[in-house]
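Construct all of the structure, not just a fragment, from the sequences and the given hints.
Next come the chains, spelled out residue by residue.
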Amino acid sequence: MSLLSIRNLHASIGDKEILKGVNLEINKGEVHSIMGPNGNGKSTLAAVIAGNSKFTVTQGEVIFKGKNLLEMPIDVRAAEGIFLGFQYPVEIPGVSISNFMRTAVNEQRKYRGLDPLSASEFLKLMEEKKKVVEMTTKLANRSVNEGFSGGEKKKNEIFQMAMLDPIMSFLDETDSGLDIDALRIVANGVNKLRSSENAIVVITHYQRLLDYIVPDFVHVLYEGKIVKSGTKELALELEAKGYEWIREELESKQK
Amino acid sequence: MENTLNYINTSMHNLQPLPAIGNKQTAACQYYNTHGMTFGKDEVWRFVDFSSFLNDSLDIPESDETHEYEFTCNIPNLDTTRLTLFNGYVSAHDKMIVTEQGVIMGSLKEALKTYPELVSKYFGTCSKKENSFLASNTALFTDGFFIYVPDNVFIEKPIQILGVIKSQTPLFLQTRNLIYVGKNSRITFIHCDDSYNQNRSFSNNVTEIFIDRDAHVEHYKMQNMNNNSGLMNHNYISMEQGASLLSNAISLNGGNIRNHNEVRMLGEHCDTQMHGLYLMDKEQRIDNYVYVEHALPNCTSSELFKGILDDSAHATFNGHVLVCEHATKTDASQSNKNILLTDKAMVDSKPFLEIYNDDVKCSHGSTIGQLDETALFYIRSRGISERTAKTLLMYAFCDEVIQKIAITALADRLSDMVKKRLHGELTVCDECALHCSVPECKFEIDVTKL
Numbered sequence: 001m002s003l004l005s006i007r008n009l010h011a012s013i014g015d016k017e018i019l020k021g022v023n024l025e026i027n028k029g030e031v032h033s034i035m036g037p038n039g040n041g042k043s044t045l046a047a048v049i050a051g052n053s054k055f056t057v058t059q060g061e062v063i064f065k066g067k068n069l070l071e072m073p074i075d076v077r078a079a080e081g082i083f084l085g086f087q088y089p090v091e092i093p094g095v096s097i098s099n100f101m102r103t104a105v106n107e108q109r110k111y112r113g114l115d116p117l118s119a120s121e122f123l124k125l126m127e128e129k130k131k132v133v134e135m136t137t138k139l140a141n142r143s144v145n146e147g148f149s150g151g152e153k154k155k156n157e158i159f160q161m162a163m164l165d166p167i168m169s170f171l172d173e174t175d176s177g178l179d180i181d182a183l184r185i186v187a188n189g190v191n192k193l194r195s196s197e198n199a200i201v202v203i204t205h206y207q208r209l210l211d212y213i214v215p216d217f218v219h220v221l222y223e224g225k226i227v228k229s230g231t232k233e234l235a236l237e238l239e240a241k242g243y244e245w246i247r248e249e250l251e252s253k254q255k
Numbered sequence: 001m002e003n004t005l006n007y008i009n010t011s012m013h014n015l016q017p018l019p020a021i022g023n024k025q026t027a028a029c030q031y032y033n034t035h036g037m038t039f040g041k042d043e044v045w046r047f048v049d050f051s052s053f054l055n056d057s058l059d060i061p062e063s064d065e066t067h068e069y070e071f072t073c074n075i076p077n078l079d080t081t082r083l084t085l086f087n088g089y090v091s092a093h094d095k096m097i098v099t100e101q102g103v104i105m106g107s108l109k110e111a112l113k114t115y116p117e118l119v120s121k122y123f124g125t126c127s128k129k130e131n132s133f134l135a136s137n138t139a140l141f142t143d144g145f146f147i148y149v150p151d152n153v154f155i156e157k158p159i160q161i162l163g164v165i166k167s168q169t170p171l172f173l174q175t176r177n178l179i180y181v182g183k184n185s186r187i188t189f190i191h192c193d194d195s196y197n198q199n200r201s202f203s204n205n206v207t208e209i210f211i212d213r214d215a216h217v218e219h220y221k222m223q224n225m226n227n228n229s230g231l232m233n234h235n236y237i238s239m240e241q242g243a244s245l246l247s248n249a250i251s252l253n254g255g256n257i258r259n260h261n262e263v264r265m266l267g268e269h270c271d272t273q274m275h276g277l278y279l280m281d282k283e284q285r286i287d288n289y290v291y292v293e294h295a296l297p298n299c300t301s302s303e304l305f306k307g308i309l310d311d312s313a314h315a316t317f318n319g320h321v322l323v324c325e326h327a328t329k330t331d332a333s334q335s336n337k338n339i340l341l342t343d344k345a346m347v348d349s350k351p352f353l354e355i356y357n358d359d360v361k362c363s364h365g366s367t368i369g370q371l372d373e374t375a376l377f378y379i380r381s382r383g384i385s386e387r388t389a390k391t392l393l394m395y396a397f398c399d400e401v402i403q404k405i406a407i408t409a410l411a412d413r414l415s416d417m418v419k420k421r422l423h424g425e426l427t428v429c430d431e432c433a434l435h436c437s438v439p440e441c442k443f444e445i446d447v448t449k450l
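These protein sequences, in sequence, are chains Y and P.
Position 148 of the first sequence, counting from 1, maps to 148 under our numbering, and the rest follow consecutively.
Position 434 of the second sequence, counting from 1, maps to 434 under our numbering, and the rest follow consecutively.
Check the hints yourself; a few may be wrong.
[Unchecked claim] Below, computed lysine-lysine pairings styled on DSS-like, alpha-carbon distance capped at 27 Å: (1) P:K41 / Y:K138; (2) P:K41 / P:K109; (3) Y:K54 / P:K337.
[Stated by the list, open to error] Just so you have them, the derived chain P footprint on chain Y, three or more residues with Cβ under 8 Å: (4) 46-54; (5) 94-102; (6) 106-113; (7) 181-187.
Just so you know, the hints here were simulated from the structure itself, not pulled from any lab data.
Glycine is no exception: its CB is placed at the ideal position from the N, C-alpha and C atoms.
Set out below in structure tokens:
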């Protein structure tokens, strides 16, 4: 049985259908990359999995660890092990990162029937996980993402992923807005979190990121569907040729 | 027990002026006898409505000399000098204290006898314009504190003024505080208005503060009254050159509260920072009026008032900054931000600038809205329940005002109280001997309704 099974998923925002029948099977230990032109549903797919209520699922199902994911509230999905690395992390003035993460870690522990971490256990965990993305600044008292540079925001997403230790992560354009050094740090961070017990979906436009995070599978999401899947070589081909040939190939198939 | 308005009217006609301030009381009386308890169409008083209290029968408290009020306030790391006003009267042991530094603290009525020149010099001169509630207080106040700080005195320990109401019958209180802070002195006040039980009460309290040259005053107000109480709270502040004021009013509970603030900066290089936070629910009313006058050049003022309103609560923010003709290089800002949790909660927000000089920097703004959906999604996507996520966001909203409190120990305590209130748990300031709010007046933001 797959870890995550997306079957014929359709989703709309208002009257506009964005996902038009996505099928995807993900197993533990795998890294998938989803590529595709802008506005074709990549971010929507990640948002729907995380439970963003802006989108309405009109058809299909998503099975996670054998459970119906679409029936779960947003926070239950997270506690079950879903994580979304945001393309645009939200600034929350007045909520410190340490308070935010401590609340999240302990609410997730509560869901799993575990005791909350003590203050010292939590601080120890935080210090350990900061190293994953080479975070050196005194984070604890800073408000979540407030006044962060683009690079700091993305590092903070991966830091949160490290803290929460999810089973199934969707990283939505985690490479956008990063300089070369930050890209390396963020990508290395993701690699450190990769294990045989979890799975990661990397949504990106650029082969560059995949030089660091080498995917097992690459998919092209085009007009709301996955139209082509392959191995990491597909990403190189896309980088070289662009998306035009995908469209041509599809059109010739339809004929 | 008699009708409150009748009591005021009758007392005004039969006024026996006190020594030293008799002329001011007579003038107040004349104003009141002409105007009565009316405010015409004055914008400043537009939303003020204490008629249910004025038309009610309330007792006028008698001085209770035998009452020894023992109060302990156990905010960690906060050591204060405590002064108690019990049902509008100064406790016997606080009657008159003179410290080694020459600071005078005690009953205003007592000071009229011992320091008549000092009192008459400052009493009743702070407000720019008379109003009926002020006139009533000037003529009929029971007592209050007189605090005189000589020049060049730095009082490190905050002075905590406790206004406690405890009575078997509903009360009408009028207290008066008069504070003078000498040149280059520093002082911090923590002013707690608490009710002891669920009885109805109406307070019409006036505090006048004179801040002389280069002196600095911090004034923190905590309002935690029961749902049946009315509080007409006036602060009239007058500042000389180089003086600065930091004021922060945290209104946690109360039936109907009006904070009427008038600040006049009469010298150059004055700075006023006035902040407020209000968390109201049920049928509660909160009305913050802030008037700041920039009379001369190079003064700065900033106002930040934030509030969360649940159920059918109603808040008003009425801010007025007057920049006079000669007040070049004025820097003034006003901001009022509100979160409404229900369709019935209401805010009237009116930031207002009146400017008669071209070389100034002034800004004002007001927002009324709900919790940010994007932020809620972000927080919940980390495994935090909807209820906790909303509480986190509400707390974060309040935090900006709490961070303006310069005393860390007080900020920490208030931060805790706000958190508890948002969780629907607030009853009293932790372990406070007052037990001012009994469980039935706890704050209950019902997040399930959001």
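Hint-by-hint comparison with the structure:
Of the pairs offered as hints, the one joining K41 (chain P) and K138 (chain Y) is violated, with about 55 Å between alpha carbons and a cut-off of 27 Å exceeded. Taken as a hint, the K41 (chain P) and K109 (chain P) pair is broken in the structure, with Cα atoms around 35 Å apart against an allowance of 27 Å. Between the alpha carbons of K54 (chain Y) and K337 (chain P) the distance comes to roughly 26 Å, so the proposed pair stays at or under 27 Å and holds. Only residues whose C-beta sits within less than 8 Å of a C-beta in chain P count toward coverage, and the segment 46-54 of chain Y has 4 of them, enough to reach three; the restraint holds.
Three residues within the 8 Å Cβ limit are the bar, and the segment 94-102 of chain Y against chain P gives 5, so the coverage statement holds. Interface restraint, the segment 106-113 of chain Y with chain P: holds (3 residues with C-beta to C-beta distance below 8 Å; minimum three). For the segment 181-187 of chain Y, the stated coverage by chain P is violated: 0 residues have a C-beta nearer than 8 Å to a C-beta of that chain, whereas at least 3 were required.
The structure fails to meet hints 1, 2, 7 from the earlier list, while all remaining hints are met.
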